[in-house]
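Protein chains in written order, with this note's numbering: chain F, 1 to 344; chain E, 1 to 287.
Keep in mind the hints are simulated off the structure, nothing from the lab. Here the structure is a predicted model, which is why all the values come from computation and not from measurement. Even for Gly, the Cβ is constructed at its ideal location relative to N, Cα and C. Check before you lean on any hint, since a few could be wrong.
Listed next, the in silico PhoX-like pairs over lysine-lysine satisfying Cα-Cα at most 20 Å (straight line) [said to hold, decoys possible]:
1. E:K231 <-> E:K201
2. F:K95 <-> E:K81
3. E:K201 <-> E:K5
4. F:K116 <-> F:K153
5. E:K88 <-> E:K68
6. E:K87 <-> F:K95
Only some residues are given here: those of chain E computed to face chain F with a beta carbon under 8 Å [as the list claims (entries may be wrong)]:
7. R21
8. F82
9. R83
10. V86
11. L89
12. R109
13. A117
14. G145
15. R146
16. L265
17. E266
18. L268
Example chain F residues on the side facing chain E (calculated, C-beta under 8 Å, incomplete) [as the list claims (entries may be wrong)]:
19. I30
20. E34
21. S40
22. K49
23. G50
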Amino acid sequence: MPNILLTSRCTRSCPYCFAEKEMIDSPSRIMSWENLIYISDLLKASGDKGVSLLGGEPTLHPDFVDYVLYLADRGLSVNVFTNGIMSPSRLIEIKDHLSGLSTDRLSFVCNLNNPKQTPAPQKHTERIHDFLSVMGPWTQPGFNIYRQDFDIKFIFDFVNRYGMRRSLRLGIAHPVPGTTGMHIRPEEMGKVIERLYSFRPLFDRFRLKFGPDCGFPICKFSNEQLGWFYRLSGGGNSRFGCGPAIDITPDMSVYACFPLSKFYRKSLYEFDTMGQIVEFYSGIHRKIRAEIPGIYPECDGCVQLSENVCSGGGACQLVSRFTKEAAIRLPEIENELEKTGLPV
Amino acid sequence: MNLRKLVCPYDTSLIRSFSRREIAVRVDSPLLVRDAADVVRALGNNLICVILDSTKPLDAAPLQNEWKGVPLALVTASVGKFREVVKKLPLLRELNIRVCLPASNENIRDVRILSSAGVPSTIMINGPEVDWDALSDLMTYSLFGRIPHAPIGPFDYIVHHYDSAPHLCWGAAFFEDPQQFFHIDNKRNVALSREELLAEKFIGCIDEVEKAGSREIENMTDAWKRVFTEKSTCATCAGFKLCLGIITPKNGQAKRCSAFFSEMLEALEDLRLMREKALAEQKTWRL
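Next up, chain E with everything else stripped away, as it sits in the complex:
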C-alpha cells in the first residue's frame, strides 16, 4: 500500500511519531505558522505546506514577514475589500502562499483579481451549488490568460496532471483525494476527507489502516463506478472524465456542470496539442 500524504493538526507528539512522511500541517492561528513548519521539518518529515484556517477575510489576515519560506495554504471565507488587500500585495507576492476560497460568486471574481495581481489562489469546489458560467470564465482566464498571472487552482493542478492520469481527482488541489491524502486527528484516527474528519467519521487508526488497508478507501476511490451501475445522468456526461461524478447534481441541474467539465476537457485537449506542437518545434536541429 502506498503511503498517503498526511493532513494533520499541529501536535508535536503526533508529528514526532511520523518519519519521512509528507505532511500538510493544519493550524488555526497565524502565530503558529512558522513554528508548525519548523517542527515538521525538524522532526524529519517533508513539509507539503502549512494550512492556516483563518477566521478573518484576507484583507484582515495578519500576514507576517516571518512566513517567508513557508509553503502556506491560507484557507479563508472571503477576500474582503481590495483597498485593504492592495496594502498587503507586496508581502503576498513575496510569500509562498496560496489563498484558498470556497466557490461563491464573489470569490470566483476575487480569485481572478488576486491572480492578475500575482497572488496564487484556489477555488474550492465542493458541490453543485456553483455559478458554473462564472467558473467557466475563470477557467478560461486561468488556462488562456492573455499575459502571465499567478496560478489558479484547481485548474493549474488539472493542467499539470492531465496527461498522466486517465481519471483525475482534482480535489487533491485542496487535499481532498483519498488516494493521496489521509486527514488525521491528534489521536491518529483517519478520515478520508476534511468533512469526514470534522464529522468524526473515521475509518480507523492510521497504523491499522496502513497495515491492513480499508474497505472504505476502496469504496470511496471506486465511488465513480456506481455512477454507471446506478444509471446516474453523470454516466452519459461528456465531462465525466474530469468530474468522476463527484459533483452529483440534483435532478435537472446536470446540464450546467456538464457544460463546464466538457468545456474544460476541450480546453485541456487544446493545451495538450499546443504543447505537443511546441515540443515538435523544439526538435529542430541546432548547435
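This is chain F alone, in the form it adopts within the complex:
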C-alpha cells in the first residue's frame, strides 16, 4: 500500500523521527488536489485497493477530510497515520464527515509516545485523548521503539478505554543515513525483543495482537518468543521483512521509505504503474543486499534470508552502514550516495 504524504508540517517533534530530514528539506509543502487526482488515477490503473496518508501530520492538511472522502469515493481504503493531535475544529470535521465510513474503508494508526519517556505538552496529551474518544474504534495504536527500556503499558489502557483496534503496530526507530538521530542499533535488537517479550502477560490478558513494522530480525527471537510472536501476530502474518514502502511527496517525488528519502529519489512521472515503482525499488534493495546481505555478519549465508523469511534487518540500516564503514563494490550505489550528499 503506497503512502501519500499530505504535508510536511507536524505538530510533534519526536526524538526518533526518521521523517525529520525529509520534513526539514521540504517545509510547508502540501499535496494539491491535482496531484491527489493523478495519484488516485495511477493507483486505480495499477489495481491498488488502498492507500495510506502520512505527513508530517496529515490531519493538518486544510483539505484532509475532503481528501479522505475523495479517496474513499474512488474505491480506495484509506489508512491515516496520525499523532492524534489536532485542533478541536478539525476533530469535529472528522467526527461529522468521516465517522460515517466503515472501519474497512477508513482506519487510523495513532502513533503514541509514552508520556513519561517522551514528555509532551499537556495540551497535546489532552488532544490525543479527545481524538481517541471520537475515533477510537477506527484506530490502531502505533508505537515506535527508540530506546531499549521502552514502556508500552500505557497503550493497553488506551486500547481498553477508547475501544481501539486490538492490534499494536510496532515500529523500530531506524537510522537515517548521514544523520545521528536516535535509533535502535543492530546490537540492541536482542534486548529490544527481550523487553517486548516482558510485556507478554499484558498482551495475553488484553488479547492485543501486534504487527511488527519492517526490520525485526528473526534470529534475535528465541524459539519461545517466536512461538508467542507467531500466535500473537495471527500466524501467517509474521513478518521479518523489509520491502520498499513507496512514499509519494506533495511535489510528486517518490522514494522507498522515509529513512531512504534521499536515496534514489525519483519523480512519480517517470513511472506508468505502481508495479513499476515497486519493481524499481525492489531492484535497489537487491543491489543494497548484494553489497551487505544483512545487519549481522551471520546474515551472509543465512537460510532464513535466502528463503525470504527474514530480510536481515532494514535496508536503511545497511545504507547507513555504507556511509560509515563499508567498502562499496557497486559504483551505482556509491555514485547515488555521493549525489545525495551522503558521506561515503
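For chain F, the structure is supplied; the task is to place chain E on it using the hints.
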C-alpha cells in the same frame, strides 16, 4: 437557411409554437426541470437539454431523483465543498447531467475533481481572463487522462468535432455559436448569444430572421475575418484555427492563450494520429 437549435425560456405557449425543432429549454428553478423536459417533448420538439441556472453552488443544489432521464445542463457559479458534494455523487452519476462552470481557478480544479469522480462537466471560457496554464493542465487531463473519467467540456466537444470542421466554434459546447444556436426570449426575439439576450440586443423576430436571414448573423459568423483585415496579433497565432480570435486578448497577453490553443492543436493532431493508427490496425483480416 438551416434551422438553428433554439435556446428558449420555459414558456409553454412559446414552445407550442415550434414544431420538430431542437430545443434547449432554460429554467431558473429546480422544480421546473422535469416539467420543462416533458413539455418540450410532448409538444413535438426534440429536447437537447434542460438548462438549469442555479443560484446555489453544486453542493447546495437540490438534485432530484425525478431528473433521471432528463438531459440537464446545470449552470452554477461554483461547486462548493467536496464533503457535501460527495453525498450527492451517487445521484449525480445516475443523472444525465453536465455541470457547467465559469472558468475561475477554483472551478478549473473542481471540474477535474468532478470528472475523476464520474460527473461530466464543462468549463465555460468567455474571455482572456483565464489561468491558461491551469486550463492547459485540465485539457491534458481531459484528453490524455490515465484512466477513464467523465467528459470535460469544451475539450470533449472539440475532440468530437475536430476532424469534421476546418474552423471549429467550440463555444457551441455551452450554446454559444450563432451558426448553431439562437437564443430567444418569450416574445420570440432572437439574440446570437446569451450575453446579447440578457442585454436585449436582438437581431429581430425569429420568424423574420429565419425567412430573410440577417446581416448580424453573417457579421458574427464572419467576425474571424476581421482579425486579418485589422492586423490583430491573432492573425499570426498558431492556435488561430481553434480560437478564431474569439478570446481577443489585450495587448501583451496574447502569448498565454496562444500557447494554450497551439498546445491543444498539437494534442488533437496526436489524438487524430492515434485514432488513425487504431483504425488501420482494425483492418486486419479476421473472421
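Hint-by-hint comparison with the structure:
The straight-line distance between the Cα atoms of K231 of chain E and K201 of chain E is roughly 28 Å, outside the 20 Å bound, and the hint therefore fails. The suggested pairing of K95 of chain F with K81 of chain E holds, with an alpha-carbon distance near 17 Å, which does not exceed 20 Å. For the proposed pair K201 of chain E and K5 of chain E, the alpha carbon gap of about 19 Å is at most 20 Å, so the pair holds. Taking the CA atoms of K116 of chain F and K153 of chain F, the gap is near 11 Å; set against the 20 Å cutoff, the hint holds.
Proximity of K88 of chain E to K68 of chain E is assessed by CA-CA distance (about 14 Å); at most 20 Å being required, the pair is judged to hold. Pair hint K87 of chain E plus K95 of chain F holds up; C-alpha atoms about 16 Å apart against a cutoff of 20 Å. The beta carbon of R21 of chain E is not positioned within 8 Å of any beta carbon in chain F (closest approach about 40 Å), and the interface hint is therefore violated. The beta carbon of F82 of chain E comes within 4 Å of a beta carbon in chain F, closer than 8 Å, and the hint placing it at the interface holds.
Residue-level restraint check for R83 of chain E holds (minimum Cβ-Cβ distance to chain F is 5 Å; threshold 8 Å). Interface restraint check: V86 of chain E against chain F, minimum CB-CB distance 5 Å, threshold 8 Å, status holds. Evaluation of the L89 of chain E hint against chain F yields a held restraint, the C-beta minimum of about 6 Å falling below 8 Å. Proximity of R109 of chain E to chain F holds as hinted, the smallest CB-CB distance being about 5 Å (cut-off 8 Å).
Against a cut-off of 8 Å between C-beta atoms, the interface hint on A117 of chain E holds, since the closest Cβ of chain F lies about 6 Å away. With its C-beta approaching chain F no nearer than about 7 Å, G145 of chain E sits inside the 8 Å limit, and its interface hint holds. Hint status for R146 of chain E relative to chain F: holds, with the closest Cβ pair at about 4 Å, below 8 Å. Checking L265 of chain E against chain F: minimum C-beta separation of about 23 Å lies over 8 Å; hint violated.
The interface hint given for E266 of chain E is broken, as the beta carbon of that residue sits about 19 Å from the closest beta carbon of chain F, more than 8 Å. Nearest Cβ of chain F to the Cβ of L268 of chain E: about 22 Å, over the 8 Å cut. The hint is violated. At its closest, the beta carbon of I30 of chain F sits 14 Å from a beta carbon of chain E; the interface hint therefore is violated under the 8 Å criterion. Nearest Cβ of chain E to the Cβ of E34 of chain F: about 7 Å, under the 8 Å cut. The hint holds.
This hint holds: S40 of chain F has a C-beta 7 Å from the nearest C-beta of chain E, less than the 8 Å allowed. A hinted interface residue such as K49 of chain F counts as satisfied when its beta carbon comes closer than 8 Å to some beta carbon of chain E; here the least separation is about 15 Å, so the hint is violated. Annotation: interface hint on G50 of chain F violated; nearest CB of chain E at approximately 17 Å, more than 8 Å.
When held up to the earlier numbered hints, the structure conflicts with 1, 7, 16, 17, 18, 19, 22 and 23 and fits the remainder.
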